[in-house]
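Participant: Sequence:
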Amino acid sequence: MSQLQPLTKCQQTAEPLLNVQEMQFWLNKAVAWGQADSPDTQKDTCLHLSRLRDFLQHLLTHSNNMRSTTETMKRLPFLGQFLGRLCWNPYVTADAASRRLLFQCLWGLYSEHPGNAVERKANQWIRKVLSQLATEEDDAAAQALMKHMGVPPEEYHLKVLRKMVALLQENIGKSCSSLGDINHGCSCDRILATSEACVPLVTCPEAAPLIGALLQQPVTCVRATLNEDFLDTLSSAYSSQCLKSLEEEAVVSLWYHNLSSLEEAVLSLLECVFTNTGSTPQKLEQQLAQSLLPKACAQHYSIFLVVNDIFRSILKQAEGKESVKYLIQTFTNCFLRKLALRKHQTSVSLKALFPQSPQNLLVPLLTLPSEMPQEAWRHHLNWLSGSLQRLTEEEEEGEGDGSSSTRGLHRVFEAWFLLVQCGHWMQVAVQLLVTAGPEDCGPLLWLLTFYHHPTNRGHHRALQLVRAKEAWDHLRSLSLVLARPVPVDRLQSLVTLLSPQPQQPSLSPLLILNLLVNLAVFSEQSLSGSTEILRTVVDGSALADEAACVLSSLELRLNEGSCSSSDANRVHLRIKALQNTLTHMHAASSSAE
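In this note's numbering, the protein residues as written are 1 to 593.
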């Protein structure tokens, strides 16, 4: 349309707040500025910018008082064309204040929930205008300005994009603080619209501040919601590592807003850990310390609940997989450390963080060994063993009743899940077991057996406990043998214990291996004797990698102060010597292959 129609009589009387002559004046100016590109036009535009800003501000106030876009367009049908002409005038948009007012007027016309064809068409037009302003379009006026100023097209459009992002960021920052009437208009209406408009810009580094501001916008109003397409696009871009410019806090907020992105992050961490065959406990600690997930869990306990549910589900499917248990334990420790750093900022109770765990076990298990005297460890573990035994007995008593049996199984699993999360106490239990007398081993041996065999499949719990006691007695007798070399038949019987037994419930090889490694480290047996036993047994059972992992875990625990030893230097030397033995075995095996 080459020129705008004069205002009708109806329009002239509809809104006395706007001066009719002034409106007509600016309509004519918009047309004139758009039809010519001469020095006189440029000069005229610049001379009128100050007055134009005043008019746009007045227009913005006027349109914001309207109840809907439909009403605004009915009373001011010229508004869309007027704003459009100004948006395509580079001499107007080059002025920061005028550009800000133009964008505010456009967002004021955007309908969060378009109710008719007029509002839907207005939304499409607004998105198109903003999209074109942020891309390299062949606009004659813009090209003329770029040529006149000597600015390359890419730089010009990049600056336009940055200005638009800054304006939108400023706009969404003016949210209301009311959770009141949903029908009452407020600035939060623009948050949904802004997030929708950002969908094509999520991978633009220049849009990162705006995306971060949207994600971290406090939800102080029922209208302050984010567009689902925006969140899904962000999630996809983040999983594809296309959001390197997004700050950590924005990523945490993305996980908080979007469940699929959080699940993707957890599964990515799991895949990274389990595909790294050379991972050690120390490397896992470092990997999780650098991960953003523990920090995110400490900031939002709802994120921790989701992550915990994922771990719970994986543990059910991989009950006997030690790498899964150790990941869960290490992650929980890392999370609790991050949470401790935020004590002054948060007051979430342990019950809220572990709602399904037996409440009487929470504090005893979540207390670190380093947080109590070493003399109290044995009594503490005996109490834990007794509490868990009573829980399993209640489960067995309710096996005849379907609902009671289900509840009992659930309670036992949740208790075991918490025990896995607090696996540091199991490491203490193994160490105390290798230094305990025969009369003291009952509760600790039961606890260790339960950790490795939590379910009572086929009612084999009692039988597994008997076999654990036989394995322990055999290990103790080996440590007392003075003859060198140790008789082969004595070692072969231990290798047999570590091998799966067909057609009968076998004891977990890792249970026996833990006892063997701890005995080699903490017993008073000579280092040469301990090394000979360990080398022979792990070589015959093909468990050298698992033994190395147990040694690394012991070393890590010793450094953390969760390892009881009156001679820490001696223990460190024995660990290093045993690690060297396993390393040489691995090198020899690789050379042979």
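Calculated directly from the structure, the hints in this document are not laboratory data. Please note that a few of the clues may not be correct.
Stated by the list, open to error - Taking lysine to aspartate or glutamate pairs in the EDC-like style, the calculated list, with each CA pair at most 20 Å apart, reads: (1) 321 - 22; (2) 338 - 414; (3) 321 - 546; (4) 321 - 309; (5) 159 - 206; (6) 283 - 271; (7) 338 - 71; (8) 338 - 371; (9) 121 - 232; (10) 43 - 54; (11) 295 - 322; (12) 74 - 119; (13) 321 - 285; (14) 244 - 285; (15) 295 - 263; (16) 343 - 371; (17) 576 - 555; (18) 244 - 232; (19) 74 - 54; (20) 343 - 232; (21) 338 - 248; (22) 121 - 71; (23) 316 - 414; (24) 159 - 119; (25) 283 - 560; (26) 338 - 249; (27) 576 - 546; (28) 163 - 119; (29) 321 - 196; (30) 338 - 322; (31) 576 - 545; (32) 244 - 264; (33) 283 - 546; (34) 321 - 271; (35) 295 - 285.
What the hints assert, rightly or not - Estimated spans, in silico, between C-beta atoms of each pair: (36) 264 - 40: 32 to 38 Å; (37) 360 - 310: 24 to 30 Å; (38) 323 - 240: 22 to 28 Å; (39) 462 - 346: 40 to 46 Å; (40) 247 - 407: 42 to 48 Å.
Think of the CB as a built atom: it goes at the ideal place given N, C-alpha and C, for glycine as much as any other residue.
Participant: Decide, hint by hint, whether the structure agrees.
Facilitator: Structure-based check of all given hints:
no.: 1; hint: 321 - 22; verdict: 78 Å, violated
no.: 2; hint: 338 - 414; verdict: 23 Å, violated
no.: 3; hint: 321 - 546; verdict: 11 Å, holds
no.: 4; hint: 321 - 309; verdict: 18 Å, holds
no.: 5; hint: 159 - 206; verdict: 9 Å, holds
no.: 6; hint: 283 - 271; verdict: 15 Å, holds
no.: 7; hint: 338 - 71; verdict: 52 Å, violated
no.: 8; hint: 338 - 371; verdict: 17 Å, holds
no.: 9; hint: 121 - 232; verdict: 25 Å, violated
no.: 10; hint: 43 - 54; verdict: 19 Å, holds
no.: 11; hint: 295 - 322; verdict: 24 Å, violated
no.: 12; hint: 74 - 119; verdict: 11 Å, holds
no.: 13; hint: 321 - 285; verdict: 18 Å, holds
no.: 14; hint: 244 - 285; verdict: 24 Å, violated
no.: 15; hint: 295 - 263; verdict: 16 Å, holds
no.: 16; hint: 343 - 371; verdict: 17 Å, holds
no.: 17; hint: 576 - 555; verdict: 9 Å, holds
no.: 18; hint: 244 - 232; verdict: 17 Å, holds
no.: 19; hint: 74 - 54; verdict: 23 Å, violated
no.: 20; hint: 343 - 232; verdict: 33 Å, violated
no.: 21; hint: 338 - 248; verdict: 15 Å, holds
no.: 22; hint: 121 - 71; verdict: 14 Å, holds
no.: 23; hint: 316 - 414; verdict: 11 Å, holds
no.: 24; hint: 159 - 119; verdict: 30 Å, violated
no.: 25; hint: 283 - 560; verdict: 15 Å, holds
no.: 26; hint: 338 - 249; verdict: 15 Å, holds
no.: 27; hint: 576 - 546; verdict: 16 Å, holds
no.: 28; hint: 163 - 119; verdict: 26 Å, violated
no.: 29; hint: 321 - 196; verdict: 44 Å, violated
no.: 30; hint: 338 - 322; verdict: 24 Å, violated
no.: 31; hint: 576 - 545; verdict: 15 Å, holds
no.: 32; hint: 244 - 264; verdict: 17 Å, holds
no.: 33; hint: 283 - 546; verdict: 15 Å, holds
no.: 34; hint: 321 - 271; verdict: 15 Å, holds
no.: 35; hint: 295 - 285; verdict: 14 Å, holds
no.: 36; hint: 264 - 40: 32 to 38 Å; verdict: 58 Å, violated
no.: 37; hint: 360 - 310: 24 to 30 Å; verdict: 26 Å, holds
no.: 38; hint: 323 - 240: 22 to 28 Å; verdict: 27 Å, holds
no.: 39; hint: 462 - 346: 40 to 46 Å; verdict: 44 Å, holds
no.: 40; hint: 247 - 407: 42 to 48 Å; verdict: 45 Å, holds
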